[in-house]
Amino acid sequence: MDFPDMVRTRAIIVEALRKPALHFLILGTFLYGGEAYYKTRVYPSPGSPKQVVIPHYEIEKARQEFFAVNNRLPDAREQAAMNSALVDNEVLYQYALYLGLNSQPVVQRRLAQIAAFVEENPDEAKSMETLASQAQRIGLQEGDLVVRRMMIDGARRLIRAGILARLPDDELLQAYLKENPGQFQRPGKTRLIQLTFNAFVHGKDAEAKANEVLSKIRKNALSPEQAVRLGDDFWIDSSIPLATDQELMRDFDQGFVMAIKAIPLNLWSGPVKSRYGQHLVLIQERTSSYVPALDEIRKEVKQRLLQKLADEWLALRLQQLKQEFQVRVQ
Amino acid sequence: MKKTYILLTGLLIADYAMAKPKPPFEVTEPEATRPRCANYDVNRKPYFGETHLHTGLSFDASTRFVNTRPNQAYDFAKAKGSLTLPDANGAQTVNVVIDRALDWGAVTDHSEFFGEMGVCKDYINSKPEARYSLECQLLNGDNWTYAAIPNNDTQYEFSGLGFQMLVSQGLGPASFNKHLPVCTSSADNREQCDAAEAAVWGEIRQAAEDAYDRTPNCTFTSFNAYEVTSTPSGTTWHRNVIFRNDRVVAKPITAIDMAVEPNPDVQKAPAIFWTFDSNGNSVPPKPENLWNGLDWSCLQGHDTTPGTATRCDVLTIPHNTNIGGGVKAPNGSFLIPPSFYPPGNTALAEQRANWEPLVEIFQVKGSSECRFDPRAQAGVLTTDEFCNFELLDGLGAPSAGVNGNTAPSPSDFSPNAFVRNVWKDGLSLADNYKDAAHPKGINPFKMGVVSGSDAHTGVLGWHPENRTWPGHAGYDDAIPTRSGSATENNTGGYTVAWAEENSRDAIFAAMKRKETYGTSGTRSIVRFFAGWDANMPSDLCAKNFVPYAYQNGVPMGGELDALPKPTNAKKPRFIVAAWKDDMINTPLQQIQIIKGWVDPATQQTYEEVVHVAGDDAAAGDAPGGVDTQCHKLATGYDQLCKVWTDKNFNPKQRAFYYARVLETPVCRWSTDMCQANYGLNPLKPAQCKNTLNQLRASDNPEDRQKAVNGAACCNNETSKFNIVQPVIQERAWTSPIWYEPAQ
Chain A
2 MDFPDMVRTR AIIVEALRKP ALHFLILGTF LYGGEAYYKT RVYPSPGSPK QVVIPHYEIE
62 KARQEFFAVN NRLPDAREQA AMNSALVDNE VLYQYALYLG LNSQPVVQRR LAQIAAFVEE
122 NPDEAKSMET LASQAQRIGL QEGDLVVRRM MIDGARRLIR AGILARLPDD ELLQAYLKEN
182 PGQFQRPGKT RLIQLTFNAF VHGKDAEAKA NEVLSKIRKN ALSPEQAVRL GDDFWIDSSI
242 PLATDQELMR DFDQGFVMAI KAIPLNLWSG PVKSRYGQHL VLIQERTSSY VPALDEIRKE
302 VKQRLLQKLA DEWLALRLQQ LKQEFQVRVQ
Chain B
11 MKKTYILLTG LLIADYAMAK PKPPFEVTEP EATRPRCANY DVNRKPYFGE THLHTGLSFD
71 ASTRFVNTRP NQAYDFAKAK GSLTLPDANG AQTVNVVIDR ALDWGAVTDH SEFFGEMGVC
131 KDYINSKPEA RYSLECQLLN GDNWTYAAIP NNDTQYEFSG LGFQMLVSQG LGPASFNKHL
191 PVCTSSADNR EQCDAAEAAV WGEIRQAAED AYDRTPNCTF TSFNAYEVTS TPSGTTWHRN
251 VIFRNDRVVA KPITAIDMAV EPNPDVQKAP AIFWTFDSNG NSVPPKPENL WNGLDWSCLQ
311 GHDTTPGTAT RCDVLTIPHN TNIGGGVKAP NGSFLIPPSF YPPGNTALAE QRANWEPLVE
371 IFQVKGSSEC RFDPRAQAGV LTTDEFCNFE LLDGLGAPSA GVNGNTAPSP SDFSPNAFVR
431 NVWKDGLSLA DNYKDAAHPK GINPFKMGVV SGSDAHTGVL GWHPENRTWP GHAGYDDAIP
491 TRSGSATENN TGGYTVAWAE ENSRDAIFAA MKRKETYGTS GTRSIVRFFA GWDANMPSDL
551 CAKNFVPYAY QNGVPMGGEL DALPKPTNAK KPRFIVAAWK DDMINTPLQQ IQIIKGWVDP
611 ATQQTYEEVV HVAGDDAAAG DAPGGVDTQC HKLATGYDQL CKVWTDKNFN PKQRAFYYAR
671 VLETPVCRWS TDMCQANYGL NPLKPAQCKN TLNQLRASDN PEDRQKAVNG AACCNNETSK
731 FNIVQPVIQE RAWTSPIWYE PAQ
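Keeping their order, the protein sequence lines are chains A and B. Numbering of the first sequence is given in the working numbering, commencing with residue 2 and proceeding in unit increments. Numbering of the second sequence is given in the working numbering, commencing with residue 11 and proceeding in unit increments.
FYI, nobody ran anything at the bench for these hints, they're computed from the structure. Note that the coordinates shown come from a computational prediction; the quantities given were computed from them, not determined experimentally. You can trust all of the hints, since none of them are fake.
Below, computed lysine-lysine pairings styled on BS3-like, alpha-carbon distance capped at 25 Å:
#1 B/553 <-> A/205
#2 A/217 <-> B/553
#3 A/303 <-> B/90
#4 A/309 <-> B/90
#5 B/90 <-> A/179
To spell it out: a stretch of chain A is covered by chain B in this simulated footprint if at least three of its residues, at any positions, have a beta carbon under 8 Å from a beta carbon of chain B; those stretches are:
#6 59-69
#7 197-205
#8 240-246
#9 251-262
#10 295-309
Only some residues are given here: those of chain B computed to face chain A with a beta carbon under 7 Å:
#11 98
#12 99
#13 138
#14 589
#15 592
#16 593
#17 712
#18 715
Glycine included, C-beta positions come from ideal geometry on N, C-alpha and C.
Using the sequences and the hints, build the whole thing.
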């Protein structure tokens, strides 16, 4: 469960207005507001948490772990990112407490296990609730890393879930498509005619042979149908229908694809080298890359939009939550 | 005028028919949902693909903090998205991008724990007590990650312990597999896990559907697939199950269905470690249960999902024979036989031959082609020194019955741990499986070749032979040169399918007819055909040989004896051609044809490696390799082609022939990583060890950390354990062409 109605500052509201997540925020307010209220009744907050303390040793530990992987200490930017991650986790933990996630049976059971482990009189029969309560009273939940992880993950999951379950309307999808055309762009294509001079036939003379034929084609202004008869009989068709660079790389090779980009339309050119030898090329058509209409790619757009909104919403909520806490490094 | 119209209409129809030839493969995808591809080519094209890849939906990826999902793996393969992987602390910080897009692929997550993964990953709003059960804590791994556990070693221990517990609980401590208690301990849990399994299988299928380009552009083909993870006593009987189209089994048939005792009562720990028959012989899992299940559910259509395709079709591909050599008792008998054991009767031999047209010859955990150990100067039923490639001591040895840190001897390995020996075995076994319907006998192991990755990180189709390789198992080997066993691993390879177009039907048909080859990670192109000498001119390389060879011969994977034999034909003749990977640009060194045959009188099998084109390294005419800084010295060839006749051909002997294309030597990924990151040069062995010792003893913590991260950098061909080749020859293996004499 999440509380998407906790925007406090004007600045954040203005920022949020620019984001599509606002639509979900408003919807979420109505949908979740009632349940959130119910939750606060069921799980009384342990007091409005106002201060988050990051112990210095946590930061030092993170620095050491970074060093173990990278053979160097983090630079200022990396250190800031690590500190931010520590703060995020602590804020989410506090938020999970606020939501009452510590009252979930699974957490209670875990706390009861810990309490039983340190119980002075382990043979004494106590209910799970009693043991869990004991654990909470002496603050064991703060130090238990598994409990912390459950609660942090739970808070993250709840915040994101509010977005992922939505069905965005066409207007929103269209807007996302317009703002992110690169994600959905389909590649341009090339249609061409080519003559092959097979390296297994001509060896090092393939290039000279190709040049000789090119001169003949140009001199006699041969039509494509006449020209293709002058190349080797080869298993790759002389006429290549509209093909992407990826397809042309498979058919010829990367160097060939790079080289034909510079060839003007409707002019026999070459020789162009490929893995198979040398080629003369007539580019007949080039199509530009394009972005399909929404109807063609609705599902793809929806998936990417929802993931993005969920990420944005999580970041926004974290920002909101952070403003409610005073973060201090001790 | 009317005649003109009729003529024009006729021409248009003819033109349409010519432009859209009827495919030679069965079309199970109706044209309305899968129009023929615009780049359809009757001479077939090489489509680079992947048949073996895991994401975070595999339990053993999840325990290592891998969070990737199938849809992300497909996006990655298409070069449309990056992936974020865990670093050595478990933090999601390692961003990777593929260097060039893949043509087709299949995500093959471990199917046995789909239900458990669904519960633990909360696919079905599972009950909290299940979601946070011990099994889920182990599966999710998250509980041990960065910022949760303060000490790396502790973190690592927890992660490793989680993996071990899950495997020993579920995946084959003996001849059975079972679900974890979270899915079996009550009827409620079983029901919940069934729903979760369906949800996970549903996500995998949805990701495959979303990734499949159904337009005539045919830019990418995805397959619905999963892995069957039968691991009796640690020996690998794993198989990938690949479905032809979108009509697939509703419920995966898994290793649990193969087990002798599937899902025993978890409240009663099995009293036996192995299951024995009344004669006291060990009873291993039954792969026929898998095939029967797939036959009933898929081929007969009793339990399939809805789909656009006309029918369900499926094949299975075994892998890691190199660690599937069986488990021996002290007396030398097999408690668990190798994954390729002789089928019990003709029906089983036929079943195996029908279901498994392909075998995986290479992947991250080593080469399965063959084994020649340079330390022993001996091989496993081979003297082929080129079988010294990407050997595995660490995982291979235990399944061969060797423990400890000593080099396993070639004699420790079951011969059938290696594909070439399995192929030879198939030749000698065929006579045992004769009946009225099969007078020539059945070769149960007449398989073609695929090569795969088996990476557990979602990096579909990515095989960087350099310092960027982030390991294959997430957190566990994120700094892969830290341990010898991780350094032994490589980056895996491609399966190339020769197909008319990039569609599911066309690629699947190529796999079924075995017109495939595997590579060790580069993208060289290989053609291989055979015919009778009377029909195959010796100067074919200088001709338009592809259409000619399709017309007059058989391609890789084909059967020579299926060709009509001209009366003047005497010997089989082969044409093999190869072109280097134009992006990585390593020249080719040579092409070899490897022949295996059996003497029908003695059933003794033989092999011969024939150098047919390029520089013969064995004869000493392969110039150069690399210098100590990995600069290439060898010149090599951009392309090679050769027509070769088997002059020793004996028409009474069963035989196979496959081509192996060797590139000129290059530095291995580990060599590049060690030189670049840790200042350790495996190409200077003595100096490498001295430098490593100096780093270990240094006062500078940065140096000591380098020593930790590069601990296995000085391993080489002489290492007592965890052998590594600092310099390798990338390669390609074609599917064999087979010959069987008339009865």
